[in-house]
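2 protein chains.
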Amino acid sequence: MSCTSALTLAKTAIIDFVARVTAQGGPDFVPPERRIAVFDNDGTLWAEQPVYFQLQFALDRVKALAPQHPEWQTKEPYRFVLSGDMKSFAASGTKSVMSVIEAAHSGMTTDEFEKTVKDWLRTARHPQTHQPYTAMVYKPMVELLAYLRANGFKTFIVSGGGAGFIRVVAESLYGVPPEQVIGSQGKLEYQVRDGKPVLVKLPEVQFVDDKEGKPIAIQTVIGRRPLAAFGNSDGDLEMLEWTTSGPGSRFALIVHHDDDEREWAYDRRSRIGTLDKAWDEAKAKGWTVVSMKDDWAIVFPWTLQAPTRDAR
Amino acid sequence: MSCTSALTLAKTAIIDFVARVTAQGGPDFVPPERRIAVFDNDGTLWAEQPVYFQLQFALDRVKALAPQHPEWQTKEPYRFVLSGDMKSFAASGTKSVMSVIEAAHSGMTTDEFEKTVKDWLRTARHPQTHQPYTAMVYKPMVELLAYLRANGFKTFIVSGGGAGFIRVVAESLYGVPPEQVIGSQGKLEYQVRDGKPVLVKLPEVQFVDDKEGKPIAIQTVIGRRPLAAFGNSDGDLEMLEWTTSGPGSRFALIVHHDDDEREWAYDRRSRIGTLDKAWDEAKAKGWTVVSMKDDWAIVFPWTLQAPTRDAR
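Chain order of the listed sequences is A and B. Using the working numbering, you'd call the opening residue of the first sequence number 1 and step up by one each time. Using the working numbering, you'd call the opening residue of the second sequence number 1 and step up by one each time.
There's no promise every hint is true.
[Claimed, not checked] Cβ-to-Cβ under 10 Å is the rule here; a few derived chain B residues that face chain A:
#: 1; residue: Lys154
#: 2; residue: Pro178
#: 3; residue: Glu179
#: 4; residue: Gln180
#: 5; residue: Ile182
#: 6; residue: Gln185
#: 7; residue: Tyr190
#: 8; residue: Pro197
#: 9; residue: Gly213
[What the hints assert, rightly or not] Derived DSS-like pairs: lysine-lysine, alpha-carbon spacing no greater than 30 Å straight-line:
#: 10; chain 1: A; residue 1: Lys283; chain 2: B; residue 2: Lys196
#: 11; chain 1: B; residue 1: Lys187; chain 2: A; residue 2: Lys211
#: 12; chain 1: A; residue 1: Lys187; chain 2: B; residue 2: Lys95
#: 13; chain 1: A; residue 1: Lys277; chain 2: B; residue 2: Lys154
#: 14; chain 1: B; residue 1: Lys187; chain 2: B; residue 2: Lys154
#: 15; chain 1: B; residue 1: Lys154; chain 2: A; residue 2: Lys196
[Unchecked claim] Some chain A residues flagged as far from chain B (calculated, every beta-carbon gap over 12 Å):
#: 16; residue: Asp234
#: 17; residue: Arg268
#: 18; residue: Ala282
Simulated from the structure, these hints should not be mistaken for lab results. Predicted model only: the values in this text are computed from it and were never measured. Backbone N, C-alpha and C define an ideal beta-carbon position, used for all residues, glycine too.
Chain A with its partners taken away, still in its complex shape:
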C-alpha cells in the first residue's frame, strides 16, 4: 500500500489478504472477475453523526417545501421539523421518520431528484464541522477503495441509504460508478409526459437494503458472493456473515468509531450505527476491527496530521 496515512493495525491484515488472492498460482488465487468488495457507506465511507446525512437532506427538504404545504405547520411529525423540535421528532418513531423521508424523496422525477440532491450538497454544511457533507469522507477508506481497485477488485457500495442519493456523489468521492451503488429503493412509476418518458419517485419503499436486506441485494444485483466486506454497525452483520462464509479466502472489516476528538465515539448503545452483535461476532470470528483513534493517522481529508498518538 503506497499510502502512508492509511490503516495501520489493520493494514497488515488487508495487505496479506490481497497478496494471497492475487498471487497467481497460489492456493488462494481468485481471478479478477470474482474479486468483489462491498462497502457500507454511512459510518464506513463517510460520517453518520449527528444524524445520517440523507435524513438531514430530508429535513432541509421538508423546510424548503413547507410553503407549498401549509398543512404541515400543524401536522405531526412535520410541525416538529418546521419548529426545530428535533427531540419530539426523534421521539415520534421510525414510521414517522420514514414518512418525512418519503415525502422528501417523492413527487418528482428521478432527474429532478438528482438535481435536488446536487444542489443541496453544494450549499448544505455539516452542523458541527461546518464542512460540506462531501468533505466528511474517511481518507483511509477512500485510499483503501483505490488500493483494492488497483489490485483488480471491483468495488461496490451496499448501503442502507438510498441508492439514488449516494449515486450523486459516489463517482467523485469514491471512484464508484452509479451501477456499483446498491442501496435502499423507493418505488418508481413509468409515465409519459408530453410524449417524453419519465420515472416518477413514489412515496413508497420498494426495498430496504439493511441487515438481511444486504446479502439479498448483493445476490439480486451482483449475483455473486463478495470476497471482502467492510462495515461499521449491526446493519452490516449479515453482509459480513454472507461474505465470510463463502469458500476460500475471505475478508471482513469493521470500522470502530472510538475517536471522540477527531470524529465521534459510539458503539453498543448508540441509536445511530449501533455496533453490538457485529462487534461480538467480529471478535469471535477474527474479523479485522479498525480503531479510528489508534489506526488512522488522518480521518477526514481536511484534517491536519493528528497529534502524537496518531503519528506512530
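Take the given structure of chain A and dock chain B to it, following the hints.
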C-alpha cells in the same frame, strides 16, 4: 466491424452511431463510463420458440420433482404438465403458468438453484433443433456485444427472464458478467443453517422486469440512462423509449423474426415475443429494424453459411 457475418442492413447504422459517440472532440462524443448498452435476452440474444427456454426448464423441473409431489398427479396445472397436455396447460392462464414457474424456482438455496440450472443446460436439448439451449444464441448479436465492448461500451442484459437463470450462462455465452445481468426476481430469504448463512428462494415474485419494469430496473440497478438499447418485442418498448429519449445521440434496434427457414417467423399476432406496438413505434421514430432473413448471413453459430439469399 471486423465480423463478416454480422448485421448487414443495420450494420451501417450501428457503425455510424458508434463512430459518432466515440469520436473524441466530436459533437456527439460520450465518455466511456456513460456508454451503457442494454440488451433484451429472449428473442434478442437467443431464441424463444417454441416456448421460452426458462419455461421449458420449469416444465422439466416439475417432472423431475413429481415423485416428491404425488398430489400433482391430480392437481392443475401440474397434471397437465405431467401428462404432457401442453394445450390445456397453455390454456390454463398466466397465473397458472406462473405458479409452475414459482414451484420450479423455489424451495432451494441460490447455490442449489445455480447448480440445478447448470445441470439442466448440460443435458436438455431444444425440442426442434435438438441442439443444447446454449447453442441457440444469435451469432450476429454475440458479435455485436463484443463490438460494442471493444468500443468502450458496458453491455447489460435486461430480461423479462429470471436474472439467476441467465447469469448461469451470460458470461460464457455473451461475455456479460453476473453483475451486468438484470432480470425478473423471486423473493429471497436470509437463513442461517448449521451456523452457515444461505439465501433461500421463495415462491413469490419480487420484481417483474418486463415492459415499464425494464426502465425502472435500469434506473434502480444501473442508475443512468443507456445510450443504446436492443430488443425484439413489445416487452422492450418502454426500454427503447426510455433509452432514446435521453439527450444526445441514442440508438435503438429491434430484431424482427421473419425467417421461418433458419429460425421462426412471428410478430404482431404471436403469443411469444409479440412485436406490434414496438414495430409501429420503430417505424415512426426511425429505430433500426433488423430482418433476420435479409440481414443475417448466419443465425446460430452451428448453422452453415446460408443459401444465396443471405450470402449477398
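Find the hints from earlier in the document that the structure breaks and name them by number, from lowest to highest. The structure breaks only hint 13.
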